[in-house]
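Chemist: Protein sequences, first through last, are from chains A and B.
Counted the way the numbering used here counts, the first sequence spans residues -14 to 95.
Counted the way the numbering used here counts, the second sequence spans residues 5 to 119.
Hints are supplied without guarantee of correctness; some may be wrong.
[Stated by the list, open to error] Straight-line C-alpha distance at most 30 Å; calculated DSBU-like pairs for lysine-lysine:
#1 B:Lys42 x A:Lys66
#2 B:Lys57 x B:Lys26
#3 B:Lys45 x B:Lys26
#4 B:Lys22 x B:Lys57
#5 A:Lys42 x A:Lys53
#6 B:Lys45 x A:Lys42
#7 A:Lys66 x B:Lys45
#8 B:Lys40 x B:Lys23
#9 B:Lys45 x A:Lys61
#10 B:Lys44 x B:Lys26
#11 B:Lys40 x A:Lys66
#12 B:Lys45 x A:Lys53
#13 A:Lys53 x B:Lys44
#14 B:Lys13 x A:Lys66
#15 B:Lys40 x B:Lys13
#16 B:Lys42 x B:Lys13
#17 A:Lys61 x B:Lys44
#18 B:Lys44 x A:Lys66
#19 B:Lys44 x A:Lys42
#20 B:Lys42 x B:Lys22
Derived by calculation from the structure, the hints in this document are not laboratory data.
Predicted model, so just to flag it, every value in this text is computed and none were measured.
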Amino acid sequence: GQNIDQPTEMTATEGAIVQINCTYQTSGFNGLFWYQQHAGEAPTFLSYNVLDGLEEKGRFSSFLSRSKGYSYLLLKELQMKDSASYLCAVRRNYGQNFVFGPGTRLSVLP
Amino acid sequence: DTEVTQTPKHLVMGMTNKKSLKCEQHMGHRAMYWYKQKAKKPPELMFVYSYEKLSINESVPSRFSPECPNSSLLNLHLHALQPEDSALYLCASSQDTGAGEREQFFGPGTRLTVL
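Isolated chain A (complex conformation):
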C-alpha cells in the first residue's frame, strides 16, 4: 500500500522562508513531484526528485531522502501569490501511477 503525509495548513509572512514536509511509505518508488494548486485552479508542476539531495529552481527548492521516505519543498522570499495548496505526489514504479499527498494549504500574510 501507500501512505503520504503532509501538514494540513501552514502560515508564513511575506518575504520569509517556509519548508513544507512530505513523508511517504509506498510499495515501489520512482520519483517524487511537487505541484502547486491555487484555489479553483488546476495543479501546476514545481519540481521533481528521484535521487537523494536538493534540486533548486529559482525561489523553490526540493529535497529528497529515499532512505527516510522524506521530502520537503522550500519556498524562499515568499510572495502573496504563493498562497496556495502544495501537493507532493509519489510515482510508483510502474507506468505513471501517481499518488498525491493530502496537500498543505499555505497562507502568506503581509
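Please arrange chain B on chain A, whose structure you already have, making use of the hints.
Modeler: Positioned in the frame of chain A, the structure of chain B alone reads:
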C-alpha cells in the same frame, strides 16, 4: 502550446443521464490521465492512457468509461452516476509514461454536479 483544454467547464446531470467530458492537448504528449478531485482533497488517479491504450484503471466503477480516440483527445463517458460522484474532474497529459521528469500538465477541470 502548453495547454490542456477541457470541456465543459461545468456540468449538471441527473442520475439517469448520459454525458461526456472532453480533454484535448496539442503538445504531442503520448500519455493522458483522468483524475477526480473532491473539495479540499488531493487529486485521485482514475485512468492512464499510454499511446492511446488504457494502461491503468484504478478500480473505477464501470459507470465511468474512458476513451482515447487519438493521441490528442481523451473522453470520459458518464452514465448512471451517483450524487457522490460530484467532483472536479481533471485531465492531464505528459510526454509519455517513461521514467524521469515526466511532469504532468493539467487542464482546468470540469466541475460535475450529479443531482
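Chemist: Hint by hint, note whether the structure agrees.
Modeler: Checked hints:
no., hint, in the structure
1, B:Lys42 x A:Lys66, "holds (23 Å)"
2, B:Lys57 x B:Lys26, "holds (17 Å)"
3, B:Lys45 x B:Lys26, "holds (23 Å)"
4, B:Lys22 x B:Lys57, "holds (23 Å)"
5, A:Lys42 x A:Lys53, "holds (23 Å)"
6, B:Lys45 x A:Lys42, "holds (26 Å)"
7, A:Lys66 x B:Lys45, "holds (21 Å)"
8, B:Lys40 x B:Lys23, "holds (16 Å)"
9, B:Lys45 x A:Lys61, "holds (26 Å)"
10, B:Lys44 x B:Lys26, "holds (24 Å)"
11, B:Lys40 x A:Lys66, "holds (25 Å)"
12, B:Lys45 x A:Lys53, "holds (25 Å)"
13, A:Lys53 x B:Lys44, "holds (27 Å)"
14, B:Lys13 x A:Lys66, "holds (24 Å)"
15, B:Lys40 x B:Lys13, "holds (14 Å)"
16, B:Lys42 x B:Lys13, "holds (16 Å)"
17, A:Lys61 x B:Lys44, "holds (25 Å)"
18, B:Lys44 x A:Lys66, "holds (19 Å)"
19, B:Lys44 x A:Lys42, "holds (27 Å)"
20, B:Lys42 x B:Lys22, "holds (21 Å)"
Comparing the model with each numbered hint stated earlier shows that all of them hold.
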